[in-house]
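Trainee: Could you build all of it, start to finish, from the sequences and the hints given here?
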Amino acid sequence: MRLRSLLLVLLLTTASSHAAAAAEAPLRTDHLYSRLVAQQATAVPGEILRLGLWLQHDPEWHTYWRNPGDSGLPTRVNLELPPGFSAGAIAWPIPERLPAGPLVNFGYGGTMVLPIEVPVPADFAGDELVIEATADWLICRVECLPGEGSYTLRLPVATEADAAENDPRWGEVFAAALRRQPQAAASAATVSFTAETVELQLPAGLNPAPDAAWTYFPVTPQVTSNAIEPRWLETGDGTALVLPKSDYFTAAPQRFEFLLARGDTGLLFSAVPRADAAPGAAQGTTAPGPGGTPGVLAAIGLALLGGLILNLMPCVFPVLFLKAAGAMEAAGDRALLRRHGLLYTAGVVSSFLVVAGALLALRASGEALGWGFQLQAPAFVAGLALLFFVLAMNFAGLFEFRGRLAGLGQGLAAGHGDRAAFFTGVLACLVASPCTAPFMGVALGVALALPAGAALAIFAALGLGLALPILALGWVPGLARALPRPGPWMDTFRRLLAFPLLLTVTWLLWVYGEQTSVLAMSWLLAALVGIAFGLWLLRAGGAWRIPAWGVLLASLVLPLLQSPAPSTGPAPAAAAAHEAWTPDRLASARAAGEPVLVNMTAAWCITCLANERVALSSPRVAAALEERGVRYLKGDWTRRDSDITAYLESFGRSGVPLYVLYPGPGREPVVLPQLLTVDIVLQALDDI
Amino acid sequence: MYKTLGVALALTLAASPAASPALAADAKIGEPAPAFTLTDTAGVTHNLSDFAGKTVVLEWTNHDCPFVKKHYNGENMQRQQAEATADGVVWLVVNSSAEGKQGHVSPAQADQIQAEWKAQQTAYLFDTDGTVGTAYGAKTTPHMYIIDPAGVLRYNGAIDSIPSANVADIEKAEQYVEIALAELAEGKPVSRPLTQPYGCSVKY
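Top line first, the protein sequences correspond to chains A and B. For the first sequence, this note's numbering gives the first residue as 99, with consecutive numbering after it. For the second sequence, this note's numbering gives the first residue as -18, with consecutive numbering after it.
Since the hints were derived computationally from the structure, they do not count as laboratory data. All values reported here derive from a predicted model rather than from experimental measurement. There's no promise every hint is true.
[To be verified] FRET-style restraints, in silico, Cβ to Cβ:
hint: 1; chain 1: A; residue 1: Pro575; chain 2: B; residue 2: Lys169; range: 44 to 52 Å
hint: 2; chain 1: A; residue 1: Met588; chain 2: B; residue 2: Lys169; range: 28 to 36 Å
hint: 3; chain 1: A; residue 1: Asp589; chain 2: B; residue 2: Pro170; range: 40 to 48 Å
hint: 4; chain 1: B; residue 1: Lys169; chain 2: A; residue 2: Val452; range: 30 to 38 Å
hint: 5; chain 1: A; residue 1: Pro549; chain 2: B; residue 2: Lys35; range: 18 to 26 Å
Backbone N, C-alpha and C fix where the C-beta goes; we use that ideal spot for every residue, glycine too.
Mentor: Here it is as structure tokens:
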């Protein structure tokens, strides 16, 4: 007994003097001391041995983390172990952000260790464990120097009875490295992409809760910008981080990892694509893949077709009436028809490009927006309502423009209606924007994921499609001949047109009311009355003109003074039994294996409302939903909602309506058409 | 009626919210490459537009950077420069090191360094204030860009596929720039137009 203890002590002493001898001579390379160390003084078969590459940097010099950032290289360690051993990966401690001018790297300075766990096989026999290792790194201050080293570590092997003791020399540095180990977050984050940004939605209920005091480190390179720190957003489901995409972003990764750190606390997140691409769903729906979504040319074709169909949408009717009336007056004059057709087309296409350009620019600055975004601005809706109301008053014959007002209008309306033809095109674009016709959804979704040039080409094609019927009037003789002859009936017809215009005003008022409040809507109504009064006064002419202009201006300013604080409450519940859509609710329903119907809608989307009226609120559909236990989730995009924008984008869409049916476990979601009938919905439901 | 429309439209546009200005655009694949005017080691001024009709390669350099040394000591850079310029490609070496920072050299030193390496670039340009490097978003040395004859940026990224400072890796790596130049010469789209560059940070 005594002898054995003595022998062991002797053995340990000689062994540690070996180790000490080796340790006393760390490898010196450019600006760095390095050596291979072990946390424990002995290797114990059946236990885990913690090795580490020990690094002591000269002041101001750094080596790099697993993702080095904008420049630099991660340190690599290669262990040569006896047969039967296998080593784990480097357990990277939380790094530091290392700014270098406009660039940012991630790495370490000072004295530290990169730990690696090596399980010692239970059947390992021998008195000594010899481990050889090589390592290489890049060490930088401002300038950078690559370095490499080879090491040998000899550890005495202890019996199971003797618990491995820690080597006091490395205790502190290992403790620091272990204290700074990030913990895997309990649940996954979700990641979604826009054209310019990456949004990371943190799982709810994190403890400790991360906020802007935490530092963000991307583990997966080439996805988010290294230099720009995230914008922290409070969303309906907790917290989200929005970052610009990396300059080298090429495709949405299968898996995205990132680290949030504060002090010694680090949370390591694995981010999965948003709910729609959860288990069972198609992967990579967030980026236009080669097969999944159409190419640019196909998207241009779809956009052209979509624009054409847009002519049949209710929001465009008033403008078509307008243009048709103009065409009838000019029906005999083919040259005029052609010129006006071309100008109208130019008006439509250029204003589509302007709106699309603004959309792309806003998205580039990190806003989560989609097509129809302009109608999410109450001031725009109010402006449209005022415009349509003035037109309706004119059509109804309340007033004609004369004198100074005509002079004011001269700028836009001179030259035999040339400019007017152009601006009718602009108007067509303005009113068409709330409608997302079939075929357009896919095309616009593709457009927003493409470089600006290609995106604008798709939007231009959309405008061309919208303008095509009017353009055709001038070039297809049969069409112009088919128009009725002008005559006194046109005056009656013009008065008739006032009514669809007033209906449009009613609709816009309702949208405005949904976006703001009943009070704000009442102010807008009062402004409309004021405009009617002002126009009537103006007709009286003479000295009345001054007060008339006063009233008109006051009426225009009135609704704008009402800073329309968006109403915060949810939209009033409609008849159909539905729940408000949230990513969580969808995810939990899907996790529970329930079939789900998702309806993405907005108050200003006429197609959506028509679909709801015609199909979704029908008693037969309601019964079918209940019978099959389908959860009906409705997302309201009337006001901006980045979750819904992200969800739309995950289906390659940039606007509403979108109907998605999740049939149940293990089956892919089905996207329903953008024009619904009861039969279409029932058929889809039958299939689950 | 048209007059009405004009007035009404003017009123609406006045009431619409103003659009936000777009962000400054970086160099993007498929878009016109940022224009520049830089002076070479002989004091001659070069505009990007001078090279219209030719494919242009931009190579960010810093002779003290181990990654730049790797590709010159391994004779990879010179070989690619020679082959590209023989095919009529314009190869511009750009130095964005600020005064007092690593890699900043005088024109004479630059000529000497490139001569010792037997470099074959068309011109060696100074971007001491970093404006061109910033416009292109150049992050590392080396960092490579390819601009097609129409002035459109076709490649942005690493010189090759193995991020290391080890000369032995050159042989095993895919030479991205060479591949992209070959694809452009055949009129094909560049298969990998954007890669993450590696190397030392540009010393702005």
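Trainee: Each hint needs a verdict: does it hold in this structure or not?
Mentor: Against the structure, the hints come out as follows:
In this structure the supplied range 44 to 52 Å holds for A/Pro575 paired with B/Lys169, their Cβ-Cβ distance being about 45 Å. In this structure the hint that A/Met588 and B/Lys169 lie 28 to 36 Å apart at CB is violated, the actual value being about 58 Å. Between A/Asp589 and B/Pro170 the CB atoms are about 59 Å apart, so this pair departs from the stated range of 40 to 48 Å. For B/Lys169 and A/Val452, the Cβ-Cβ distance of about 35 Å falls inside the hinted range of 30 to 38 Å, so the restraint holds.
Our hint of 18 to 26 Å for A/Pro549 and B/Lys35 holds, since their Cβ atoms are close to 23 Å apart.
The structure does not agree with the numbered hints 2, 3 stated previously, though it agrees with the rest.
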